[in-house]
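Student: Residue strings, one per chain:
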Amino acid sequence: MYRNLYDTDCITWSPQGRIFQVEYAMEAVKQGTCCVGLRSDTHVVLCSLKRAVSKFAGHHQKLFKIDDHVGVAMSGITADAKVISNFMRNECFHHKYVYDAPIPVGRLVLMVADKSQANTQRSGKRPFGVGLLAAGYDDAGPHLFETCPSGNYFESYAMAFGARSQSSKTYLERNFENFPGLSPEELELHAMKALQASLAADAELTADTVSMAIVGKNQPWKELSTDEVQSLLDKLNAESAGEDVQM
Amino acid sequence: MYRNLYDTDCITWSPQGRIFQVEYAMEAVKQGTCCVGLRSDTHVVLCSLKRAVSKFAGHHQKLFKIDDHVGVAMSGITADAKVISNFMRNECFHHKYVYDAPIPVGRLVLMVADKSQANTQRSGKRPFGVGLLAAGYDDAGPHLFETCPSGNYFESYAMAFGARSQSSKTYLERNFENFPGLSPEELELHAMKALQASLAADAELTADTVSMAIVGKNQPWKELSTDEVQSLLDKLNAESAGEDVQM
Amino acid sequence: MYRNLYDTDCITWSPQGRIFQVEYAMEAVKQGTCCVGLRSDTHVVLCSLKRAVSKFAGHHQKLFKIDDHVGVAMSGITADAKVISNFMRNECFHHKYVYDAPIPVGRLVLMVADKSQANTQRSGKRPFGVGLLAAGYDDAGPHLFETCPSGNYFESYAMAFGARSQSSKTYLERNFENFPGLSPEELELHAMKALQASLAADAELTADTVSMAIVGKNQPWKELSTDEVQSLLDKLNAESAGEDVQM
Amino acid sequence: MYRNLYDTDCITWSPQGRIFQVEYAMEAVKQGTCCVGLRSDTHVVLCSLKRAVSKFAGHHQKLFKIDDHVGVAMSGITADAKVISNFMRNECFHHKYVYDAPIPVGRLVLMVADKSQANTQRSGKRPFGVGLLAAGYDDAGPHLFETCPSGNYFESYAMAFGARSQSSKTYLERNFENFPGLSPEELELHAMKALQASLAADAELTADTVSMAIVGKNQPWKELSTDEVQSLLDKLNAESAGEDVQM
Amino acid sequence: MYRNLYDTDCITWSPQGRIFQVEYAMEAVKQGTCCVGLRSDTHVVLCSLKRAVSKFAGHHQKLFKIDDHVGVAMSGITADAKVISNFMRNECFHHKYVYDAPIPVGRLVLMVADKSQANTQRSGKRPFGVGLLAAGYDDAGPHLFETCPSGNYFESYAMAFGARSQSSKTYLERNFENFPGLSPEELELHAMKALQASLAADAELTADTVSMAIVGKNQPWKELSTDEVQSLLDKLNAESAGEDVQM
Amino acid sequence: MYRNLYDTDCITWSPQGRIFQVEYAMEAVKQGTCCVGLRSDTHVVLCSLKRAVSKFAGHHQKLFKIDDHVGVAMSGITADAKVISNFMRNECFHHKYVYDAPIPVGRLVLMVADKSQANTQRSGKRPFGVGLLAAGYDDAGPHLFETCPSGNYFESYAMAFGARSQSSKTYLERNFENFPGLSPEELELHAMKALQASLAADAELTADTVSMAIVGKNQPWKELSTDEVQSLLDKLNAESAGEDVQM
Amino acid sequence: MYRNLYDTDCITWSPQGRIFQVEYAMEAVKQGTCCVGLRSDTHVVLCSLKRAVSKFAGHHQKLFKIDDHVGVAMSGITADAKVISNFMRNECFHHKYVYDAPIPVGRLVLMVADKSQANTQRSGKRPFGVGLLAAGYDDAGPHLFETCPSGNYFESYAMAFGARSQSSKTYLERNFENFPGLSPEELELHAMKALQASLAADAELTADTVSMAIVGKNQPWKELSTDEVQSLLDKLNAESAGEDVQM
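Protein chains in written order, with numbering that gives the first Met the number 0: chain A, 0 to 246; chain B, 0 to 246; chain C, 0 to 246; chain D, 0 to 246; chain E, 0 to 246; chain F, 0 to 246; chain G, 0 to 246.
Derived by calculation from the structure, the hints in this document are not laboratory data.
Any given hint could turn out to be false.
Claimed, not checked - In silico DSSO-like links for lysine-lysine, alpha-carbon gap of 30 angstroms or less: (1) A:95 to C:216; (2) D:124 to G:29; (3) B:114 to A:114.
Claimed, not checked - Just a sample of chain B residues kept apart from chain D, beta carbon distances all over 10 angstroms, derived: (4) 174; (5) 182; (6) 202.
Note that the Cβ used here is the ideal one computed from N, Cα and C, for glycine as well.
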């Protein structure tokens with residue numbers, strides 16, 4: 000059980016051209032709880048499993064409102080996520096103040112990516128241990144972005160990450176061509192199904208273990224209440240009684 | 000007995016995406032004396048075991064008044080706690096000076112969390128070795144927060160940490176649904192019982208080994224005097240003579 | 000499996016006068032996807048394989064527009080490439096603002112090279128892990144440059160790098176003397192053929208796996224649409240049905 | 000004889016949540032000569048063994064006057080103590096200049112504690128290797144504080160530290176309840192006895208090996224002269240001839 | 000195959016009073032391609048082998064024009080050479096701006112030497128891995144300087160360095176006494192012959208593998224065109240057909 | 000022959016609460032040549048062995064004049080001593096300029112001590128390797144101080160340090176009670192005898208191997224000439240012919 | 000062949016109170032070519048062996064003119080010597096500008112010593128690897144100083160250092176008492192003889208391998224021409240034909 004070579008810090012290249020410390024930070028994202036994001040032509044939905052802190056303390060926060068038109072789901076180190084979401088809120092505020100208009104989602108994500116990359120190329124800091132799904136709506140319509148600890152980011156129609164997210168991805172890949180035209184509620188149901196796919200066979204989603212948020216046309220960022228989540232789950236169960244969900 | 004790998008400092012990721020130095024700092028919190036916090040709809044109570052420094056020097060301070068409307072209980076390295084509580088006092092003062100209003104409790108906790116997180120992502124500093132239960136009352140009612148060395152924090156209805164705090168948590172989990180409507184004194188009694196649950200079988204609470212403080216509606220932060228603690232203990236014993244407390 | 004000697008960081012010389020950390024960063028470029036660039040007397044074409052992020056997220060971006068008259072193809076660490084391309088955009092903007100004229104391509108590349116070299120001679124930073132093919136058109140005609148993590152750069156008539164790029168280079172070497180007089184479309188076809196040469200025997204280019212961009216005389220930077228790429232592929236196949244492409 | 004693990008510097012946590020470098024600095028305090036402090040309702044007395052530098056150079060200074068109303072006894076690294084006592088003198092002077100009033104003793108001690116803690120959480124510095132007993136008198140009456148290299152501090156009625164101080168503590172614990180009402184001279188005698196308790200069986204206090212100072216109501220900081228110490232010793236011996244001092 | 004001792008960095012002396020990191024940087028110069036410089040009473044000629052980047056990209060640049068009256072040939076790390084040549088251009092420009100006169104060659108070389116030396120006596124930087132032959136003409140006539148990674152420099156009548164340069168040096172030593180009175184073209188021919196001496200027995204100079212530049216009285220820095228080089232080679236061959244060149 | 004543990008640098012505590020690097024610096028003082036200082040009620044004399052640099056270069060300077068009223072003898076690293084004596088000269092000058100009065104000797108020594116202590120608590124510097132005997136005369140009469148690399152200092156009536164100084168100390172201890180009333184010349188003779196005590200049995204003091212200086216009432220700092228030293232030696236020998244000096 | 004202990008850097012003391020890195024830097028001086036300096040009552044002469052760079056490049060510069068009234072001979076790392084001599088030139092210039100008078104030689108040497116010492120007490124720098132013989136003439140007459148990498152310096156009547164300098168020293172020791180009254184030429188001849196003493200038995204001085212300079216009363220710094228050196232050698236040989244030079 001020896002230490003790997005060339006993984007001292009994020010400014011050391013391995014002979015194969017890899018930077019292990021950044022890869023290790025990505026591991027923190029992979030081991031967070033599963034998050035799912037998907038979008039139609041008008042809306043974006045984020046959905047995440049939530050782990051209870053304790054019976055009386057609620058759950059670890061997985062969804063963060065950034066501004067009226069944008070929010071994020073996170074996987075990884077929560078404290079890092081909070082720092083980044085505060086950074087994003089400041090940038091939103093600053094942009095509104097300077098330009099009197101909400102910040103375009105892509106520009107906001109670019110700022111997060113730059114901030115993240117900087118921490119992968121400097122000694123004395125460590126890469127952030129958090130991946131984000133950023134959902135927003137601006138003049139160019141709805142957007143869904145994924146950001147990584149490396150500072151990389153992608154725009155996407157649907158995305159899932161975190162523990163056991165592969166099954167969610169499979170569900171999304173099978174269905175994402177239907178998403179563009181869907182209504183917000185249909186989108187929410189798909190998100191629910193994708194999240195469910197990430198569960199172990201004998202586990203089930205409950206209103207207490209799912210966080211869901213939506214943002215879109217004429218729909219500022221809204222995190223669904225437990226009742227709204229429950230009513231979605233009821234529909235889901237009714238549906239899946241009729242037909243077998245294929246994962 | 001070799002040193003763990005990847006635990007050199009807080010800017011080194013392990014291949015599993017963990018930051019050991021932060022986890023070690025959390026260990027300092029776990030080994031402090033037990034602290035309990037709980038809240039009703041109007042008040043918050045903090046309660047802590049206290050260890051004597053020496054017969055003539057009183058006890059290690061576990062409860063710190065921050066401002067009239069907020070105070071903290073701490074577990075871990077006392078010197079670190081004092082630095083953080085001074086920081087909180089300054090922020091309270093500054094907020095009052097700028098806005099002519101007491102700082103909202105959540106904002107104050109956020110500042111502590113940011114300060115803590117910064118020390119987990121920079122070389123040349125170490126993570127703080129202290130966890131806080133912050134109790135306060137502001138326009139939005141009573142608040143109970145827990146902060147960690149990682150910079151993470153949670154709002155909660157009840158919480159316990161420190162050595163042997165698991166039993167206290169169990170007590171709180173069994174009873175916290177009754178807390179919202181309770182009177183301040185009932186809340187104090189529950190805090191006492193939860194703390195007692197953390198003791199070894201043959202140990203008993205005395206007025207000398209318990210610190211208790213309360214803050215809430217029309218109730219600025221007040222640390223209970225030894226007499227007040229004693230009278231609570233008397234009630235507790237009277238009660239437990241009548242009925243067996245279930246832990 | 001011991002660690003190499005003298006490869007601690009980029010400020011350590013080996014006894015043979017080499018700086019291994021820079022060589023390792025170059026390895027990251029070699030393992031990126033293959034990129035090809037070539038130019039006529041009037042135009043420059045960049046062409047790259049693209050790897051899908053996922054079925055619904057499109058592809059890793061390989062071509063970046065910098066300004067109307069210049070763009071780059073990258074191989075290596077994408078996050079590093081984004082930082083460098085943002086740097087280039089800022090320099091373009093700045094030059095336009097100060098001189099009211101587009102920046103000469105060579106000057107822009109020199110700035111990237113200086114920035115890259117600086118990271119190879121200072122502790123506390125790491126060399127960038129990205130190589131660029133920069134294509135542009137200015138008063139001195141079309142330009143094609145290659146930049147390396149070491150801060151080195153070359154002007155060239157044709158160039159290929161990334162995984163399996165040796166076969167592309169061979170194709171380019173055999174044909175580059177014909178390039179000067181070619182029309183833009185002929186140039187695009189040659190780029191396509193050179194890229195195809197880098198594929199494994201049983202692999203084939205599709206409109207989904209190729210990015211292509213052109214810049215030149217009266218032709219601002221334009222990334223070809225999927226349809227345009229497809230029509231090029233059709234011509235290519237028609238052609239290669241008639242004659243065997245020699246690699 | 001291997002080096003302990005996790006004791007590289009004061010910004011490294013051990014897996015058990017300890018910071019060894021701070022604990023080692025505390026060891027320097029434990030190995031200094033014994034110091035004793037105790038207070039009545041009106042006065043505070045500090046008393047210390049003193050080690051000769053050489054026959055003609057006097058003794059290592061153990062008691063430091065800070066201001067008219069406050070002084071300290073130290074155990075540990077003398078040079079560190081001198082730096083801290085100069086720091087305290089400056090703060091006293093500064094407070095007097097700004098507020099035209101002597102600094103409250105508690106505030107002064109808090110400043111020392113903050114300065115000490117800062118050195119336990121930063122690389123490039125080491126924790127101070129000195130513990131202080133600070134004795135002072137202000138509007139709130141007499142004060143006795145103990146400070147540690149960790150930045151921790153306690154207010155106390157009586158305290159002893161340094162080599163073999165456990166016996167002194169035992170003496171103080173047995174007698175401190177009588178202290179509040181005592182006259183200054185009675186207090187001095189108790190300090191002498193407590194110090195004597197720390198001696199090996201065959202050793203005896205002499206006017207040359209004891210430093211004693213007093214501060215209190217209408218009594219600015221005064222270090223006793225050799226004659227005054229001798230007269231105290233005479234009384235002590237007369238007394239102990241009559242009754243056996245119980246340690 | 001253990002690492003040498005005392006070669007960690009350029010601020011570590013070996014017990015024999017050597018600084019290995021500087022010696023290693025000098026190794027990079029020795030392994031560059033061969034460069035030759037020589038001067039008459041009126042002109043200086045620089046001449047270098049050039050290695051092709053690729054068939055279509057031209058050659059690695061070995062000769063750099065700094066100003067009208069000065070240029071350099073380099074051996075070692077090209078990216079370092081580019082940084083230094085830019086530095087030299089800036090200093091030339093600055094001198095012209097301030098004094099309205101071209102910078103004396105010796106002063107320019109001194110600046111390069113100081114810059115190089117600084118990197119050999121400071122941690123956090125590495126010695127430059129490049130040696131220069133600086134050729135220039137100023138009020139004091141023609142100059143030829145050699146600079147080293149150590150910050151050392153020499154003025155010389157003739158010089159050669161890089162791979163296999165020993166044979167070139169031998170040629171120069173045998174002939175340099177004839178140089179002062181030579182015409183520019185004769186000087187160029189001698190440079191060519193000296194360079195040829197560095198080749199393996201079966202290798203031959205071609206117009207494609209030689210760079211040559213000249214600067215002198217009424218002759219601003221000029222890099223010879225391929226045709227001019229070819230015509231020199233023709234004369235060389237004609238000559239050596241008649242007489243055997245002695246090396 | 001392994002390296003000691005915990006002696007990496009001066010900011011590392013050993014588990015026993017020691018700082019080895021400071022102790023090692025003190026070793027440099029112990030191995031310097033022997034210095035002796037002693038004072039009467041009106042004068043202070045410093046006396047030191049001096050080691051020849053070479054036959055024609057005179058001797059290593061051991062006594063340094065700081066100002067008219069103060070000077071030092073040093074043992075340890077000469078270059079460090081020169082830096083400190085320059086520092087002292089500057090402080091003297093500065094004090095005279097600001098207050099129009101010579102600096103009190105104690106204040107000057109305190110400044111040296113603070114400067115020395117700072118180097119024992121900071122990384123990136125090393126403790127000074129020099130001990131001083133500072134002799135001066137101010138409004139409070141004559142002063143003799145000893146300073147250590149640790150930043151510690153003592154006022155004393157007589158002192159010796161350096162190689163084999165134990166015998167000198169023994170001489171001083173036996174005689175120092177007679178010093179207060181002595182005339183300057185008697186004081187000088189005692190200094191000479193104390194120094195002689197440090198010599199090996201067969202060695203003898205000569206005018207060439209002794210430096211002596213005196214400062215006191217109406218006696219600005221004066222280093223004795225070789226003749227004056229010789230005449231002292233003559234008296235010493237005459238005396239010791241009559242009576243046996245007891246060491 | 001293990002690395003010495005405690006020689007990591009110049010801020011680490013060995014347990015014996017030595018700083019090895021400074022001693023290693025002194026080794027660089029010892030291995031430089033031999034330099035000799037000596038002075039009469041009116042003049043100072045510096046003399047040094049010179050090593051050829053190459054047949055056509057002249058020799059490594061060993062003597063540096065600093066100002067009209069002062070110059071140095073160096074042994075050790077040439078690039079370091081150049082930095083120091085430039086520093087000295089700047090200080091001369093600055094002094095002349097501010098005081099309108101040439102800088103006293105001793106003050107100039109003190110500045111070099113301070114600069115050198117600073118590099119022995121700070122991490123991130125290395126001690127200079129150069130020793131100087133500084134010769135000058137000012138209001139106080141002629142001066143000859145030696146400086147060391149440690150920052151130490153000595154004024155001297157004659158001095159030699161560098162490889163095999165012990166024999167030169169022996170010569171100087173035997174003859175230096177005759178120097179004060181000598182004429183410049185006689186002084187030069189002695190310098191030559193001292194230098195010759197350092198040669199191996201079968202080696203001989205030639206006008207090409209000796210540098211000599213003189214400065215003194217009404218004699219600004221002058222480096223002797225080859226002819227002047229040759230004429231000295233001729234006299235030397237004539238003399239030694241008559242009498243045997245005793246070494």
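Student: None of the hints should be skipped; say for each whether it holds.
Tutor: Okay, the hints, checked on the actual structure:
no.	hint	verdict
1	A:95 to C:216	violated (40 angstroms)
2	D:124 to G:29	violated (37 angstroms)
3	B:114 to A:114	holds (18 angstroms)
4	174	holds (30 angstroms)
5	182	holds (34 angstroms)
6	202	holds (22 angstroms)
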